[in-house]
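2 protein chains.
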Amino acid sequence: MVQPKYHVFICTSCRINGQQKGYCFQQGSTSLVQAFMQEIEDRDLSGEVVLNNTGCFGICEKGPVVVVYPEGVWYKNVAQEDVGRIFDEHFEGGKPVKDLMI
Amino acid sequence: MVQPKYHVFICTSCRINGQQKGYCFQQGSTSLVQAFMQEIEDRDLSGEVVLNNTGCFGICEKGPVVVVYPEGVWYKNVAQEDVGRIFDEHFEGGKPVKDLMI
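Which chain is which? The protein sequence lines are Y and G, in order. The opening residue of the first sequence carries number -11 in the working numbering; numbering runs sequentially from there. The opening residue of the second sequence carries number -11 in the working numbering; numbering runs sequentially from there.
Hints in this document: simulated from the structure, not taken from any laboratory. Any given hint might turn out to be false.
Chain copies aren't distinguished; within one or between two, either way the pair holds.
[Stated by the list, open to error] Okay, derived cross-link-like pairs now, DSSO-like style, lysine-lysine, Cα gap no bigger than 27 Å in a straight line:
#  : residue 1 : residue 2
1  : Lys86     : Lys50
2  : Lys(-7)   : Lys86
3  : Lys(-7)   : Lys64
4  : Lys64     : Lys50
5  : Lys(-7)   : Lys83
6  : Lys83     : Lys64
7  : Lys86     : Lys64
8  : Lys50     : Lys83
9  : Lys50     : Lys(-7)
10 : Lys9      : Lys83
These numbers come from a predicted model, not from an experiment.
Kindly produce the complete structure, drawing on both the sequences and the hints.
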């Protein structure tokens, strides 16, 4: 199995009963997923940066929540305008964005 | 941020448009999530083993797919009867279950 360099998990509040409601979803995290996808495409990073949407991480008040493995970096209150910086500094620069970290 | 020892991601085929359909879901992966949750509770491992359901990992023919970080262990075709073994050997024994790995 080829491991992605960065595996990004974004809460879209999807529940196992099929409902999609919750704080991250209300804060527009599905658009955030699309912004990450677009950035992966624009920077030609597919394979290196892999993306999944998820159910709740249980820290809703910090949503939208984005978790990056294998490092285990947890980002809070991620907005669309933060996405470029996460790619510049973290995925391309190798240093997590400190002021967004939980 | 306190990191879980094992962060388990299980595909339940949830899409960002709210649909929940796809191979892992059809194969009963929502029941698989519940089996993992029950095992965490029974073994008193909450905090140590954290669980999230996800959207598609893109390798549907190997579903249900379960991914464990920070190690980056990918399990394929996981059935409910495999769950006890994953806890015994991997989460409590420290050794991933080789014959289930992708």
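A quick look at each hint next to the structure:
no. : hint               : verdict
1   : Lys86 with Lys50   : within (15 Å within a copy, 36 Å between copies)
2   : Lys(-7) with Lys86 : both (19 Å within a copy, 22 Å between copies)
3   : Lys(-7) with Lys64 : both (21 Å within a copy, 20 Å between copies)
4   : Lys64 with Lys50   : within (5 Å within a copy, 32 Å between copies)
5   : Lys(-7) with Lys83 : both (13 Å within a copy, 22 Å between copies)
6   : Lys83 with Lys64   : within (16 Å within a copy, 32 Å between copies)
7   : Lys86 with Lys64   : within (11 Å within a copy, 35 Å between copies)
8   : Lys50 with Lys83   : within (21 Å within a copy, 33 Å between copies)
9   : Lys50 with Lys(-7) : both (25 Å within a copy, 21 Å between copies)
10  : Lys9 with Lys83    : neither (32 Å within a copy, 36 Å between copies)
The structure shown violates just one earlier hint, number 10.
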